[in-house]
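*Asks:* Quick note on numbering: the sequence shown equals residues 1 to 162 in my numbering.
Treat the hints loosely; a few may be bogus.
[Unchecked claim] The calculated DSS-like cross-link candidates involving lysine-lysine, where the alpha carbons are at most 30 Å apart (straight line), are:
1. LYS104 / LYS133
2. LYS51 / LYS133
3. LYS125 / LYS51
4. LYS133 / LYS28
Quick caveat, the hints were computed from the structure, so don't treat them as lab data. In this text, all values refer to a predicted model and were calculated from it rather than measured experimentally.
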Amino acid sequence: MTATAPFSERYESQKGRDWKRFSYYYSKVLKQPAPSSPGLCTGGEVVEYLKHMDKFGKTRVHIASCANYGSLEQNSTFSSCDCPLKQAWGSQDLLIGRLRAACKECGVVAESNPFGLKEVRVFLKGLKEEQDKARGTSFMKKRKKLPNTTESQSFDTAHVNG
Numbered sequence: 001m002t003a004t005a006p007f008s009e010r011y012e013s014q015k016g017r018d019w020k021r022f023s024y025y026y027s028k029v030l031k032q033p034a035p036s037s038p039g040l041c042t043g044g045e046v047v048e049y050l051k052h053m054d055k056f057g058k059t060r061v062h063i064a065s066c067a068n069y070g071s072l073e074q075n076s077t078f079s080s081c082d083c084p085l086k087q088a089w090g091s092q093d094l095l096i097g098r099l100r101a102a103c104k105e106c107g108v109v110a111e112s113n114p115f116g117l118k119e120v121r122v123f124l125k126g127l128k129e130e131q132d133k134a135r136g137t138s139f140m141k142k143r144k145k146l147p148n149t150t151e152s153q154s155f156d157t158a159h160v161n162g
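Please construct the entire structure, taking both the sequences and the accompanying hints into account.
*Replies:* Structure, rendered in structure tokens:
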């Protein structure tokens, strides 16, 4: 057995569980017969499923009126914060990736894969932006490292000393 085999087995198992959960949601919550193929549901139904799954999340997403909103640091009010717990964007994105792969295995072409439709991608993008803003990461820009040249070093030294 190779080192990638356990990962592959775990991934396949998770993909199967994800499809069973989606089918259960489809039949019990939407009260419709579960689709016989993953390609028979709509993008709207996929988005509704993601919203449903959001209720079971463990990631605190601060609302705009919270003292922690937009802050990378968790101040002392964090423990008393009443902001909702939601599914992390990355978890939702991975879930959609596995469900998209399950669709592909059933022979659904990419253009008609409901888990890859624009409606779903737009929802995930909005979710990511919301969580980034709540954390303050969307406002931070990564700085590029300046190359250490003698010219820039001499300017810095002259500017500090002068």
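*Asks:* Which of the numbered hints are not met once you compare them with the structure shown?
*Replies:* 1, 4
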